[in-house]
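Enquirer: Residues per chain are reported as follows:
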Amino acid sequence: MVIKHKYEMPEQPPKERIHNFDEVPLGYDEETAVKEAERCLQCKPKPCTKGCPVGINIPEFIKCIRERRFDDAIKVIKESNSLPAVTGRVCPYENQCEGNCLLGKIGEPVAIGRLERFVADWERKKGVTVPEKPPSTGKRVAVVGSGPAGLTVASELAKKGHEVVVFEALHAPGGVLLYGIPEFRLPKEILSREIDYIKRLGVEIKCNVVVGKTISLSEIKKEFDAVFIGTGAGLPRWLNVPGENLAQVYSANEFLTRVNLMKAYLFPEYDTPIAVGNRVVTVGAGNVAMDCARTALRLGAKESFIIYRRSKDEAPARREEIAHAEEEGVKFMFLANPIRFIGDDAGNVTGMEYVQMKLGEPDESGRRRPIPIPKSNSLMQVDTVIVAIGQTPNPLLTSELKGLKLGKRGNIIVDDNQQTSVKGVFAGGDIATGAATVILAMGAGRRAAEAIDEYLRK
Amino acid sequence: MYKVIEKEILHENLVKMEIEAPLVAKSAKPGQFIILRVDEKGERIPLTIADFDRKKGTVTIIFLEVGKTTKKLGTLEVGDCIESFTGPLGEPSDIRKYGTTICVGGGVGIACLYPIARALKEKGNRVISILGARTKSLLIMEKEIGKYSDELIVVTDDGSKGRKGFVSDALKELIDKGVKVDLVMAIGPVIMMKVISDLTKPYGIKTLVSLNPIMVDGTGMCGSCRVTVNGEIKFACVDGPEFDGHGVDFDNLMLRNNRFREEEGIALKRYMEEQWQCIGMGKKHGDKA
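Order-wise, the sequence lines are chains A and B.
Position one of the first sequence corresponds to residue 1 (the working numbering), numbered consecutively onward.
Position one of the second sequence corresponds to residue 1 (the working numbering), numbered consecutively onward.
A hint or two may mislead.
Over the 12 Å line for every Cβ pair with chain B, so calculated as not near, a few chain A residues [what the hints assert, rightly or not]: (1) 4; (2) 253; (3) 367; (4) 378; (5) 457.
Chain B side only, calculated, beta carbon under 10 Å to chain A, not exhaustive [as the list claims (entries may be wrong)]: (6) 39; (7) 201; (8) 202.
Straight-line C-alpha distance at most 25 Å; calculated DSS-like pairs for lysine-lysine [stated by the list, open to error]: (9) B/41 to A/199; (10) B/7 to A/402; (11) B/97 to B/7; (12) B/164 to A/206; (13) A/458 to A/133; (14) A/125 to A/139; (15) B/147 to B/164; (16) A/206 to B/71; (17) B/29 to A/222.
These are calculated hints, taken from the structure and not from any lab test.
By construction, the Cβ of each residue, glycine as well, lies at the ideal position given by its N, Cα and C atoms.
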């Protein structure tokens with residue numbers, strides 16, 4: 001008999017969780033995980049694995065769970081993914097593995113993401129085992145940036161016996177996993193355990209080094225046999241409307257960095273402040289916007305709004321994230337766009353003027369172009385604004401290396417093997433693709449690691 | 001961890017520290033800054049590089065103890081460590097042969113001005129320095145900057161040292177006297193930089209200012225430090241910290257610098273109370289828990 005629905009994963013109730021930063025989904029217990037694993041048809045074509053950007057042998061690890069061989073399950077996952085507790089929480093499974101699952105044609109797909117998370121958490125509780133170090137190849141690789149792409153390259157190359165040094169500009173490793181994704185979606189304790197695993201593989205992580213400033217990329221190139229650039233898409237985009245420089249207008253990056261990296265939610269226990277008023281509006285409807293709107297509630301906002309110029313169907317956030325935000329009481333204003341922010345004499349935000357939008361013909365992104373409706377202006381009282389309309393690649397480092405070919409948006413151009421226009425220099429993740437997902441960056445990291453390994457062995 | 005190699009109290013709450021940071025020292029250039037975090041729970045604050053010694057591998061910072069972070073930093077003694085110290089950040093000053101340059105420094109801004117004045121002099125410019133402070137005891141680096149200045153004018157608000165008045169008065173006098181000025185480099189409180197920029201604008205004298213807004217990462221990621229220059233959004237951390245003084249929206253900068261005034265007050269009050277409790281329990285000021 002086929003069970004058409006996923007086994008439920010318990011969650012913190014919305015009314016409770018908006019008052020804390022603890023994780024929202026609570027994970028499967030052993031029994032539920034085994035039952036969910038039993039739903040898998042173990043079909044031959046493995047469409048799920050084809051949907052996985054890092055190519056995890058999914059039916060195999062599910063089979064292990066079914067047979068309660070959890071140790072083997074984690075081994076199978078870690079063959080292709082060094083950050084399973086992270087991806088088991090933040091991957092858009094519905095578009096990848098689960099989107100391809102045969103069961104999805106007759107009901108809900110196997111909850112692959114929940115199972116991955118279960119195994120990773122199981123291993124963490126029991127103590128992580130580190131594979132034996134392979135013999136050293138004597139080759140040295142520099143990785144710039146310790147986000148998902150960089151950490152993946154680093155761990156894969158270390159497993160192949162290369163010496164890897166990761167350079168991180170901030171004071172702690174993790175990149176967007178650390179500064180971008182909130183505690184209630186990815187507890188930092190879990191992230192630091194995953195990074196600890198990568199360090200135990202032999203990877204050295206040097207924090208507080210801004211490549212391009214502290215050391216030049218050219219110097220690094222001289223000292224290492226190969227270089228990987230995974231510096232992400234760190235530059236916030238702005239609306240370019242009047243009032244955007246008022247005191248309580250944050251970029252999503254600033255808002256989240258203060259809260260996540262600097263732990264401003266624990267102010268004054270921690271020194272970094274954050275100021276959130278009663279009515280907070282977040283502009284944009286991607287995952288980052290959902291994170292901001294939900295964080296605002298947890299910081300004490302009485303009302304948290306999302307304003308988005310297209311409709312719900314076009315919203316780039318994962319459905320699960322939108323649902324979580326709705327459950328928590330975030331109010332959505334679709335087909336509306338701010339045209340100015342209004343402030344008082346002291347520079348505080350007091351209001352927002354916005355227009356209604358309608359959808360026209362599809363634009364180059366394939367989504368229907370939003371068009372302002374004339375004379376549809378309204379005013380709304382707000383006291384905090386978060387601009388979450390995307391990021392572009394940070395030019396801090398790419399401007400320095402001669403011969404490095406860049407795309408129109410400042411992204412590094414790479415071939416199928418993540419090789420840049422400069423010999424021995426590889427790149428991947430958001431710096432090459434523009435802002436995308438954690439798992440795509442990790443997929444690029446795996447490809448780069450293969451290509452770097454081949455390059456070093458030549 | 002970054003060790004405090006030397007510490008000198010210049011005046012009451014004005015502190016000079018030499019920090020061991022060889023990588024930063026190796027790449028540091030005049031006009032750049034660092035971001036530091038005193039301890040694990042600390043915030044990230046930018047401080048300009050007052051000097052650097054590549055051979056010794058050290059960077060000098062000068063700061064006024066005003067808030068919790070700078071007060072906490074001031075309690076560190078030689079041999080203590082700073083949790084993180086990142087840099088050099090920002091674009092270095094554009095050191096060229098301009099001709100006659102006037103270096104205007106106010107308060108702690110003088111610290112930032114010093115390596116720039118030195119570099120300008122070494123490049124063959126005629127350097128006239130105007131240094132200002134509230135009162136005599138708060139005037140810093142007079143000797144150091146004097147060494148690289150063809151002319152040095154000291155101004156204090158209360159007249160306790162040099163002339164009584166403001167740096168802008170001294171600059172105006174020079175201009176009125178007919179000194180041909182090719183560049184004014186002004187570093188100090190925002191209001192001082194605004195007044196200097198307003199003064200030079202009608203004369204068309206190129207004026208650079210070095211801005212120090214609130215920052216978090218310092219690498220162009222967060223935009224906390226955004227300033228409006230000639231109508232465009234610029235990030236002081238990566239596009240600056242130096243900008244054309246005639247294009248800077250100083251009023252907006254002053255408003256943005258007060259963004260967290262309330263929170264800063266809370267943090268400072270709580271910190272001072274903790275310090276008092278420590279003293280009450282027989283520990284000396286600055287002892288760690």
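Enquirer: Taking the minimum C-beta separation from residue 367 of chain A to chain B, is that value above 12 Å?
Expert: holds, 26 Å
Enquirer: Per the stated criterion, does the least C-beta distance between residue 457 of chain A and chain B lie above 12 Å, as a non-interface residue requires?
Expert: holds, 31 Å
Enquirer: Are residue 39 of chain B and chain A close enough, Cβ to Cβ, to be under 10 Å, as the hint says?
Expert: With a closest approach of 9 Å, the residue 39 of chain B hint holds.
Enquirer: Is residue 125 of chain A close enough to residue 139 of chain A, meaning Cα to Cα at most 25 Å?
Expert: violated, 35 Å
Enquirer: Taking the shortest Cβ-to-Cβ distance between residue 4 of chain A and chain B, state whether it exceeds 12 Å.
Expert: holds, 45 Å
Enquirer: If you draw a straight line from the CA of residue 206 of chain A to the CA of residue 71 of chain B, is it 25 Å or shorter?
Expert: It is violated: about 28 Å lies between the C-alpha atoms, which goes past 25 Å.
Enquirer: Between residue 147 of chain B and residue 164 of chain B, is the straight-line Cα distance small enough, at 25 Å or below?
Expert: Distance ~23 Å between residue 147 of chain B and residue 164 of chain B Cα, so the pair holds.
Enquirer: Classify the hint on residue 201 of chain B as holds or violated, based on whether any CB of chain A lies nearer than 10 Å to its CB.
Expert: Not OK, violated: residue 201 of chain B not within 10 Å of chain A, min 22 Å.
Enquirer: Measuring Cβ to Cβ, find out whether residue 253 of chain A lies farther than 12 Å from everything in chain B.
Expert: violated, 5 Å
Enquirer: Between residue 41 of chain B and residue 199 of chain A, is the straight-line Cα distance small enough, at 25 Å or below?
Expert: holds, 23 Å
Enquirer: So, as I understand it, the hint says residue 202 of chain B touches chain A; can you test that by seeing if any CB pair is closer than 10 Å?
Expert: violated, 26 Å
Enquirer: When you check the alpha-carbon spacing of residue 7 of chain B and residue 402 of chain A, does it fall within 25 Å?
Expert: violated, 41 Å
Violated hints, in rising order: 2, 7, 8, 10, 11, 12, 14, 16; the structure is consistent with all others.
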